[in-house]
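Visitor: Given the sequences, and given the hints that come with them, work out the whole structure.
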Amino acid sequence: MSTPEATTAASMPPASLTTHQSSVKVMGTLIRREFWEHRSLWIAPLIVAVLMSLTAFPIHIGDMDFEGAPNFGDPANRIGTFTLMIWAHTVPQYLIMSIVASFYLMDCLYTERKDRSILFWKSLPVSDATTVLSKFLVGLVILPLGVYVLAAISGVLFLGIWSMRVASQALPDISVGWNTVAWLKVQGLMLYGVVVCILWFAPVAATLVLVSAWVRKNVFLWTTLPPLIAIIIEKAGFGTRYIAHLLGYRTFYGVWDVLGINPTPPEEVHHGRVVSLANLFDNVEMGKAFLNIDLWLGLAVAAALLVAAIRIRRYRDDT
Amino acid sequence: MNTGDRVMSPVIEARGLKKSYGANQAVDSVSFAIQPGRIVGLIGPNGAGKTTLFKAILGLTQFDGELRVLGRDPRSERNELMQDVCFIADVAVLPRWLRVSQALDFVAGVHPRFDRSRATDFLRKTDIKMSSRVRELSKGMVTQLHLALILAIDARLLVLDEPTLGLDLLFRRQFYDTLLNDYFDKERTIVLTTHQVEEIENLLTDVIFINRGHVVLDTSVDAMPERYLQVTVTSENAARARELKPFYEREVFGRVAMFFEGRSPEELAPLGELRTPSVADLFVAKMQGVS
Numbered sequence: 001m002s003t004p005e006a007t008t009a010a011s012m013p014p015a016s017l018t019t020h021q022s023s024v025k026v027m028g029t030l031i032r033r034e035f036w037e038h039r040s041l042w043i044a045p046l047i048v049a050v051l052m053s054l055t056a057f058p059i060h061i062g063d064m065d066f067e068g069a070p071n072f073g074d075p076a077n078r079i080g081t082f083t084l085m086i087w088a089h090t091v092p093q094y095l096i097m098s099i100v101a102s103f104y105l106m107d108c109l110y111t112e113r114k115d116r117s118i119l120f121w122k123s124l125p126v127s128d129a130t131t132v133l134s135k136f137l138v139g140l141v142i143l144p145l146g147v148y149v150l151a152a153i154s155g156v157l158f159l160g161i162w163s164m165r166v167a168s169q170a171l172p173d174i175s176v177g178w179n180t181v182a183w184l185k186v187q188g189l190m191l192y193g194v195v196v197c198i199l200w201f202a203p204v205a206a207t208l209v210l211v212s213a214w215v216r217k218n219v220f221l222w223t224t225l226p227p228l229i230a231i232i233i234e235k236a237g238f239g240t241r242y243i244a245h246l247l248g249y250r251t252f253y254g255v256w257d258v259l260g261i262n263p264t265p266p267e268e269v270h271h272g273r274v275v276s277l278a279n280l281f282d283n284v285e286m287g288k289a290f291l292n293i294d295l296w297l298g299l300a301v302a303a304a305l306l307v308a309a310i311r312i313r314r315y316r317d318d319t
Numbered sequence: 001m002n003t004g005d006r007v008m009s010p011v012i013e014a015r016g017l018k019k020s021y022g023a024n025q026a027v028d029s030v031s032f033a034i035q036p037g038r039i040v041g042l043i044g045p046n047g048a049g050k051t052t053l054f055k056a057i058l059g060l061t062q063f064d065g066e067l068r069v070l071g072r073d074p075r076s077e078r079n080e081l082m083q084d085v086c087f088i089a090d091v092a093v094l095p096r097w098l099r100v101s102q103a104l105d106f107v108a109g110v111h112p113r114f115d116r117s118r119a120t121d122f123l124r125k126t127d128i129k130m131s132s133r134v135r136e137l138s139k140g141m142v143t144q145l146h147l148a149l150i151l152a153i154d155a156r157l158l159v160l161d162e163p164t165l166g167l168d169l170l171f172r173r174q175f176y177d178t179l180l181n182d183y184f185d186k187e188r189t190i191v192l193t194t195h196q197v198e199e200i201e202n203l204l205t206d207v208i209f210i211n212r213g214h215v216v217l218d219t220s221v222d223a224m225p226e227r228y229l230q231v232t233v234t235s236e237n238a239a240r241a242r243e244l245k246p247f248y249e250r251e252v253f254g255r256v257a258m259f260f261e262g263r264s265p266e267e268l269a270p271l272g273e274l275r276t277p278s279v280a281d282l283f284v285a286k287m288q289g290v291s
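Going down the list, the sequences are from chains A and B. All letters in the first sequence, in the order written, are residues 1 to 319 by the numbering used here. All letters in the second sequence, in the order written, are residues 1 to 291 by the numbering used here.
Where hints are given, some of them may not hold.
[As the list claims (entries may be wrong)] Interface residues of chain B toward chain A, partial, derived using beta-carbon atoms under 7 Å:
{"hint": "1", "residue": "Thr61"}
{"hint": "2", "residue": "Phe87"}
{"hint": "3", "residue": "Ala89"}
{"hint": "4", "residue": "Val284"}
Everything labelled a hint here was simulated from the structure, so no lab data went into it. Keep in mind the model is a prediction, meaning the values are calculated, not measured. Beta carbons: idealized from backbone N, C-alpha and C, even for Gly.
Guide: Written out as structure tokens, the structure is:
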């Protein structure tokens with residue numbers, strides 16, 4: 001840069017001078033940034049995971065009524081109980097995560113406008129597309145996968161504590177034992193579930209990102225009220241419930257259809273057996289979810305919503 | 001502009017630049033060129049269109065007309081442009097939750113031309129701790145931090161919009177000293193606005209006055225004495241002086257200070273005491289005088 005030619009550089013194609021930061025490094029930095037700002041992203045899941053591991057302590061199994069309970073001598077029931085315990089253990093973690101993720105996504109492009117820090121972020125060579133994508137990925141992909149890992153670890157901790165208490169005779173012998181194959185199968189099933197959920201809920205996450213980029217204030221109200229009002233107007237005006245069904249399908253129960261998992265085959269329950277999730281794993285047709293047209297329609301909508309959010313962040317001019 | 005054999009292309013070149021917000025024409029057909037290696041003061045009253053102009057240069061707003069920054073169109077090539085352009089849009093845009101160490105990590109992670117050791121060297125001279133959050137720093141320290149980040153980036157154009165607003169005199173002086181001594185060189189260009197014209201007029205090489213969306217003056221500071229003269233005229237000479245059409249006059253202690261454009265010193269010398277107006281005086285004259 002010290003040559004005399006450098007003074008004429010304004011006319012030269014700057015690309016030849018520009019050393020680009022690798023896009024992986026930029027994305028990694030942007031993702032770290034989100035965890036610096038939104039500490040609830042990692043603190044909340046961590047606390048829930050620790051609490052869930054500790055639930056192995058205060059349970060007084062001895063006081064419980066075992067009448068009609070499955071026979072733990074049956075190995076199939078032991079495996080079934082083992083897998084159900086692992087599964088039940090994760091449920092609160094995913095519930096809390098979905099709340100954390102929703103609030104994060106509503107907030108992610110709103111706070112930077114509110115505190116005007118967007119002018120700092122925009123002074124650096126990071127495109128709006130990269131920034132918006134990093135926030136979308138954190139809320140939709142990285143957080144669920146992180147909770148998946150945390151839930152797996154806390155599940156092992158839970159079972160470890162449980163087994164020690166059984167061994168020390170603090171609990172009656174209903175040790176379900178450790179079954180590596182069953183554990184791996186449940187983890188596989190859970191991972192499959194998480195991946196399908198990520199894809200299924202992509203349009204919901206993208207909607208939150210768009211609202212976050214768009215509204216001037218009251219993100220939460222703008223997220224929740226318009227659908228409610230639309231449902232009420234439709235019900236009052238036409239007596240139908242299409243919007244409510246669509247929203248319910250897209251934000252909640254639709255994912256069960258896509259997953260193709262029916263968790264309680266009735267004939268087995270009638271025989272007093274505990275259904276093993278590990279067996280379920282053998283029955284799930286993995287490919288089926290990815291052939292669901294609604295899943296792909298949702299992804300297309302998510303992409304369109306993200307493009308809209310990116311354009312708003314790029315061209316908005318009110319700071 | 002020819003300098004020796006080298007043809008210098010402008011760092012910023014605007015032609016017929018327009019931007020309106022509803023019925024308000026914030027910038028109206030503005031044209032100017034800023035050459036490399038200059039420190040240009042963009043000076044105008046509130047609402048003159050300075051911030052709009054800045055936003056256009058930085059690709060933060062849409063506009064009509066032609067504008068090239070480092071040879072690029074800020075509307076369509078913003079991402080590439082920001083590799084070579086730095087700006088401080090305002091004080092207090094660093095997010096309050098950010099730690100000093102995180103700020104360094106972040107800029108190092110996204111900017112290919114960031115020299116982290118430069119920034120830490122600068123910060124070591126201040127009272128700023130690496131573990132502090134922005135919310136724990138005083139306003140002056142936040143500006144120092146922002147400056148440390150910017151100075152460590154090897155950019156070709158630095159744009160500063162009221163960078164010292166709300167700072168006390170010591171911080172303001174230190175800010176400009178650092179800018180001049182540690183940052184500026186012949187390959188860099190600085191464009192800045194401030195309300196405190198008096199404080200920066202010694203460091204400017206060029207001034208552009210802007211009022212109601214129009215450029216009312218665009219000159220290098222070196223060329224100012226040739227173009228503008230201020231004559232302090234006694235009242236008996238006032239009528240004679242007015243025949244030479246001053247564009248602004250102001251009464252000072254019973255005498256009249258008149259501002260002329262394009263008059264020779266020989267013409268004006270017999271009328272009273274001659275001097276080159278300061279940038280601040282010229283600004284007031286240009287803003288208030290009806291030309």
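Visitor: It remains to establish, for every hint, whether it holds in the given structure.
Guide: Comparing the hints with the structure gives:
1. Thr61: 4 Å, holds
2. Phe87: OK, holds: B:Phe87 within 7 Å of chain A, min 5 Å.
3. Ala89: 4 Å, holds
4. Val284: 30 Å, violated
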